[in-house]
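Residues per chain, in single letters:
There are 2 protein chains.
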Amino acid sequence: MGGDYGPNPIVEGTLEALKKQSFSALLVGDSAQLESKIPKAFKERIEIVHCTDVIQMDDAAANAIRRKESSIFVATELLKNGKADVLVSAGHSGATMSLATLRLGRIEGVSRPAIATVLPHIGGGEFLLLDAGANVDCTAEHLHNFAIMGYEYAKSVLGYPKPKVALLSIGEEECKGNDLTKGAYALLQNFPNFVGNIEGDDIFSSDIAVVVCDGFVGNIALKTSEGVADAITNFIKNFVKESVSGKIGALLMRKVFRKLKKRLDYAEYGGAPLLGVNGNVIIGHGKSNPKAIYNAIKQGIIAHEQQINHKIAQAFIKS
Amino acid sequence: MGGDYGPNPIVEGTLEALKKQSFSALLVGDSAQLESKIPKAFKERIEIVHCTDVIQMDDAAANAIRRKESSIFVATELLKNGKADVLVSAGHSGATMSLATLRLGRIEGVSRPAIATVLPHIGGGEFLLLDAGANVDCTAEHLHNFAIMGYEYAKSVLGYPKPKVALLSIGEEECKGNDLTKGAYALLQNFPNFVGNIEGDDIFSSDIAVVVCDGFVGNIALKTSEGVADAITNFIKNFVKESVSGKIGALLMRKVFRKLKKRLDYAEYGGAPLLGVNGNVIIGHGKSNPKAIYNAIKQGIIAHEQQINHKIAQAFIKS
Numbered sequence: 001m002g003g004d005y006g007p008n009p010i011v012e013g014t015l016e017a018l019k020k021q022s023f024s025a026l027l028v029g030d031s032a033q034l035e036s037k038i039p040k041a042f043k044e045r046i047e048i049v050h051c052t053d054v055i056q057m058d059d060a061a062a063n064a065i066r067r068k069e070s071s072i073f074v075a076t077e078l079l080k081n082g083k084a085d086v087l088v089s090a091g092h093s094g095a096t097m098s099l100a101t102l103r104l105g106r107i108e109g110v111s112r113p114a115i116a117t118v119l120p121h122i123g124g125g126e127f128l129l130l131d132a133g134a135n136v137d138c139t140a141e142h143l144h145n146f147a148i149m150g151y152e153y154a155k156s157v158l159g160y161p162k163p164k165v166a167l168l169s170i171g172e173e174e175c176k177g178n179d180l181t182k183g184a185y186a187l188l189q190n191f192p193n194f195v196g197n198i199e200g201d202d203i204f205s206s207d208i209a210v211v212v213c214d215g216f217v218g219n220i221a222l223k224t225s226e227g228v229a230d231a232i233t234n235f236i237k238n239f240v241k242e243s244v245s246g247k248i249g250a251l252l253m254r255k256v257f258r259k260l261k262k263r264l265d266y267a268e269y270g271g272a273p274l275l276g277v278n279g280n281v282i283i284g285h286g287k288s289n290p291k292a293i294y295n296a297i298k299q300g301i302i303a304h305e306q307q308i309n310h311k312i313a314q315a316f317i318k319s
Numbered sequence: 001m002g003g004d005y006g007p008n009p010i011v012e013g014t015l016e017a018l019k020k021q022s023f024s025a026l027l028v029g030d031s032a033q034l035e036s037k038i039p040k041a042f043k044e045r046i047e048i049v050h051c052t053d054v055i056q057m058d059d060a061a062a063n064a065i066r067r068k069e070s071s072i073f074v075a076t077e078l079l080k081n082g083k084a085d086v087l088v089s090a091g092h093s094g095a096t097m098s099l100a101t102l103r104l105g106r107i108e109g110v111s112r113p114a115i116a117t118v119l120p121h122i123g124g125g126e127f128l129l130l131d132a133g134a135n136v137d138c139t140a141e142h143l144h145n146f147a148i149m150g151y152e153y154a155k156s157v158l159g160y161p162k163p164k165v166a167l168l169s170i171g172e173e174e175c176k177g178n179d180l181t182k183g184a185y186a187l188l189q190n191f192p193n194f195v196g197n198i199e200g201d202d203i204f205s206s207d208i209a210v211v212v213c214d215g216f217v218g219n220i221a222l223k224t225s226e227g228v229a230d231a232i233t234n235f236i237k238n239f240v241k242e243s244v245s246g247k248i249g250a251l252l253m254r255k256v257f258r259k260l261k262k263r264l265d266y267a268e269y270g271g272a273p274l275l276g277v278n279g280n281v282i283i284g285h286g287k288s289n290p291k292a293i294y295n296a297i298k299q300g301i302i303a304h305e306q307q308i309n310h311k312i313a314q315a316f317i318k319s
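Chains as they are written, first to last, in the working numbering: chain A, 1 to 319; chain B, 1 to 319.
Any given hint might turn out to be false.
Any copy will do: because identical chains look the same in the list, a pair fits if it lies in one copy or spans two.
DMTMM-like, lysine to aspartate or glutamate: derived pairs with alpha carbons at most 25 Å apart [claimed, not checked]:
(1) 287 / 16
(2) 176 / 207
(3) 291 / 265
(4) 19 / 242
(5) 259 / 230
(6) 68 / 53
(7) 291 / 226
It should be emphasised that the hints constitute simulated quantities derived from the structure, not laboratory data.
Computed from a predicted structure; not experimentally measured.
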């Protein structure tokens, strides 16, 4: 209910997923609004869990724990009580994160759950960047946690047989970085497939599956990337308008631009899993369209089938 | 001498600058290599300061202070002794920075000099991002220093009458960010033209003249931007090759692509001034081509004419 565009894209994405995947859906929210959106053919596979409160995007995340009638609170409880296997939300991400951590609890050994964003390698394939904003101030141990969780997710859900893990830093050598990354480098030395530091200009074109950083740096890297991609796209669009040859050229190149758009479109990569909590929680973009919701559901189903949290728990026991 | 391509682009850029600007040049390095590159017409305006040692890109910056015969050491001494007004280097940036700080000293009140990178607003104009890598671990006071220095530089050298200053963070509200940015926000409250936080996706399309952050975050933002721009350009190039219509389209759009390339080309923006030391030091990209050197020299001349360091010193007295 709490996404930027309300329940419409959520329901549409769910219907799309029901057509292609084998699962049943619980839609949590105001039944008066939801009921009419569901075609007869799907009624058997969708159950509406009615609640009336909605946490809005500008509400404080800290208050979420007291809003027991809100859609995100009720949905979290369904996960906690084993009535649902996966939670997908396009609502207030801070509230989702804090409720998931408080109500589901952390996996044994995890000191900080992290948001793992799935991003495109420009040549094809995907990689994980974590943390992407859950933890703005981190210790080296937290980064070590993120590496363990990211490794398991990249292996089980993204399908890398041996995911390479790297630390986002400002130079490839061990001695380059800040106190935090140097500390994390030391802890990660013996981690399987740790390949050292990666710089910002290499993350989109390397073969690294997992890029580890604190949530502040991750969010800056993510947003800056979006900013540059948008700026370049707008630059081309504006100049194309100015000349006839530009317009014809753009028309002839439309296939390329369409492919590029698809490659850069966050909706293709679903949502961001919240790793480290006892449950499969996928945090979608507030502006998620039906395609993004569809992909988030698909991703959540794989995470569940692959028992990702069990694997993460095992990895922490071994570490 | 220490740039990635040796002295050639440095000499060519200097000759270009001598044609268009009123100044005389001291070229510091091996006279055996430099002498032959200088056409007769320029001999009167160029003096070669001979030295033989060169700090290589993979040398440790910490040893630079003992390499008294190196080109960067000798060049720094020329600045210190008042024999030169501006130092431009495309060599080892860590060595340049550390020698400048140790030999020239800091401006009174400055606790940490910072590298200020000049970046393009995609719609036109330029902005400063600082620190871009000199200080990987910062306090809120350091960020406050960077804001003061960046403000003066944007005003005097980039030509903003009232430069807007913002903190790079992960949300616009004061409460968003990490401990460092929240502390810096509090210190900057009363700073002239401080407009609050800016997110990574807005830096290339806003009207902010000065973006303040620690050197680790600045370097990540900078490199990530380069990475995305390169990845998009390569993506388009590769797909264009695959079809005839793509090729023709690209040909018709070549004017757009040329403008975009120029807009994104670091060489257009010269080097990065090292702000906070007693002297005008411009740190160029190791891969600087003649155009980058030309622009770095031009920028250094403006900084000198505008007495930027005097203005920074005054600003610290007032602050």
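*Where does the structure disagree with the numbered hints, that is, which hint numbers, in rising order?*
Of the numbered hints given earlier, the structure breaks just one, which is hint 4.
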